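Colleague: If you're matching them up, the sequences are chains A and B in order. Numbering follows my numbering, in which position 95 of the first sequence is assigned residue number 103; successive positions increment by one, without gaps. Numbering follows my numbering, in which position 8 of the second sequence is assigned residue number 16; successive positions increment by one, without gaps.
Accuracy of the hints is not assured; some may be wrong.
Pairs count within a copy or across copies, as identical chains cannot be separated in the list.
Straight-line distance between alpha carbons at most 27 Å, and here's what the computed DSS-like set of lysine-lysine pairs gives [claimed, not checked]:
hint: 1; residue 1: Lys209; residue 2: Lys146
hint: 2; residue 1: Lys177; residue 2: Lys25
hint: 3; residue 1: Lys113; residue 2: Lys209
hint: 4; residue 1: Lys60; residue 2: Lys209
hint: 5; residue 1: Lys160; residue 2: Lys25
hint: 6; residue 1: Lys238; residue 2: Lys209
hint: 7; residue 1: Lys25; residue 2: Lys247
hint: 8; residue 1: Lys25; residue 2: Lys238
hint: 9; residue 1: Lys25; residue 2: Lys146
hint: 10; residue 1: Lys209; residue 2: Lys177
hint: 11; residue 1: Lys122; residue 2: Lys60
Note that these hints are calculated values from the structure, not bench results. Here the structure is a predicted model, which means the values were calculated and not measured.
2 protein chains.
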Amino acid sequence: MPSVGILVIGNEILSGKVVDTNSPYFCQELRELGATVERIVTIADEIDIISKEVRELSEAYDFVFTSGGIGPTHDDLTIRGVAAAFGLEIERSDGIADRLRRAAKREPNQAELKMAEIPAGAQLLDAGDLWFPLIVVKNVYIYPGIPELLRKKFESARDRFRGEPFVLKKVYVRRRESEIAPALNDLLREFPDLLLGSYPKLLKSSFHVELTLESRQAAYVESALESLLKRLPTEAIFKVE
Amino acid sequence: MPSVGILVIGNEILSGKVVDTNSPYFCQELRELGATVERIVTIADEIDIISKEVRELSEAYDFVFTSGGIGPTHDDLTIRGVAAAFGLEIERSDGIADRLRRAAKREPNQAELKMAEIPAGAQLLDAGDLWFPLIVVKNVYIYPGIPELLRKKFESARDRFRGEPFVLKKVYVRRRESEIAPALNDLLREFPDLLLGSYPKLLKSSFHVELTLESRQAAYVESALESLLKRLPTEAIFKVE
Numbered sequence: 009m010p011s012v013g014i015l016v017i018g019n020e021i022l023s024g025k026v027v028d029t030n031s032p033y034f035c036q037e038l039r040e041l042g043a044t045v046e047r048i049v050t051i052a053d054e055i056d057i058i059s060k061e062v063r064e065l066s067e068a069y070d071f072v073f074t075s076g077g078i079g080p081t082h083d084d085l086t087i088r089g090v091a092a093a094f095g096l097e098i099e100r101s102d103g104i105a106d107r108l109r110r111a112a113k114r115e116p117n118q119a120e121l122k123m124a125e126i127p128a129g130a131q132l133l134d135a136g137d138l139w140f141p142l143i144v145v146k147n148v149y150i151y152p153g154i155p156e157l158l159r160k161k162f163e164s165a166r167d168r169f170r171g172e173p174f175v176l177k178k179v180y181v182r183r184r185e186s187e188i189a190p191a192l193n194d195l196l197r198e199f200p201d202l203l204l205g206s207y208p209k210l211l212k213s214s215f216h217v218e219l220t221l222e223s224r225q226a227a228y229v230e231s232a233l234e235s236l237l238k239r240l241p242t243e244a245i246f247k248v249e
Numbered sequence: 009m010p011s012v013g014i015l016v017i018g019n020e021i022l023s024g025k026v027v028d029t030n031s032p033y034f035c036q037e038l039r040e041l042g043a044t045v046e047r048i049v050t051i052a053d054e055i056d057i058i059s060k061e062v063r064e065l066s067e068a069y070d071f072v073f074t075s076g077g078i079g080p081t082h083d084d085l086t087i088r089g090v091a092a093a094f095g096l097e098i099e100r101s102d103g104i105a106d107r108l109r110r111a112a113k114r115e116p117n118q119a120e121l122k123m124a125e126i127p128a129g130a131q132l133l134d135a136g137d138l139w140f141p142l143i144v145v146k147n148v149y150i151y152p153g154i155p156e157l158l159r160k161k162f163e164s165a166r167d168r169f170r171g172e173p174f175v176l177k178k179v180y181v182r183r184r185e186s187e188i189a190p191a192l193n194d195l196l197r198e199f200p201d202l203l204l205g206s207y208p209k210l211l212k213s214s215f216h217v218e219l220t221l222e223s224r225q226a227a228y229v230e231s232a233l234e235s236l237l238k239r240l241p242t243e244a245i246f247k248v249e
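Working from the sequences, and respecting the hints, build out all of it.
Modeller: Following this line, the structure appears as structure tokens:
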């Protein structure tokens, strides 16, 4: 199953000016595809930090997604950081320069041409109707910070990240977590490979805890669900879905 | 100025079931206080991973905030992870056990008593009207994942994280980023200590780019703002705030 590490690059996130909606989007989409996000790291716009993180994530996971820091201004350092991670030179991509020229219908200026600089040997993937391609260096996919663009690029590449999806069942329980904890522990002894989540809710009248049961084997989840329902008093179950 | 590393602990975030609102909250509040969030790491509920990250963040920054993974169930491993990070034993806190007893008005069960287990020598800080205290181990503040509780605990401790706040000016510009990039580079040569952010917006009719100018020195920001406004054509400025 593909594993993914996400690197969110941007002072605007750390300084609280912008809320990162890109990593939640990736997490939801990748889960649906059956890939597993193992780690998300959010860092400042600094080449050395970007480079160190990219190298570590690239070694640890099948895919790395970066978000942010590509563009024409001084604080757009992701391309240089990714190149440094793998000891690659930066080169001007004639393909991107051409696309820039066609999109702007004139000769691009210096700042625009910065967007044609890529790590040597990078792959360029065309992304739907966008003029700017998705840049891929080894297993690192370089996404822009702007959510609309990031989503279009991800959509155009999503089949590359497909694994075997999880089957998910949810049980909403009218008991406190501490009351059902023994039943959950027993359940996990019977089904050690079950991914079992327990999420208490505050200020809800209809249920106290949301339980999630997951596995890539549908039959395993069904058996675990059946076992769980037997372990809890009927009146404690608010809903199963 | 205090530096902060944030550790978000929870499979529910990585698997896309829950969107983390805690780290954005911390980022906004800490910025207002003048503390600097340097890094956010989101990881799974696994003791070894928690322990490694806590140790690294604790060495690198003045404060570490963890979010999530404290509670009575099998997937609540933060306390054990933090203890392991510093080679500390786990001990039963009589203070917390007493509070549990008072809150429940009966003898706590085994699962509830798990919540009274803390790393040896941890500090307990009373948190407003909550029965459960904020647990602090060295420079690590252990917050619950439930946003309402996390916020109350942060509020009760917030004066500990105070630094010298940043002064922020925003300039909304009716030009594309690539057109104003040279002016921004010149500005940074004149004001090398300015924190300058440039954020392109899509699908907005009134402006293309939001610029943020920041420093802890109000006079420095004012001078930089004045210089920036001279560098851009008057008709390019949509708004200054």
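Colleague: Quick one: which hint numbers does this structure break? Sort them smallest to largest.
Modeller: Of the numbered hints given earlier, those the structure breaks are 1, 4 and 9, listed in rising order.
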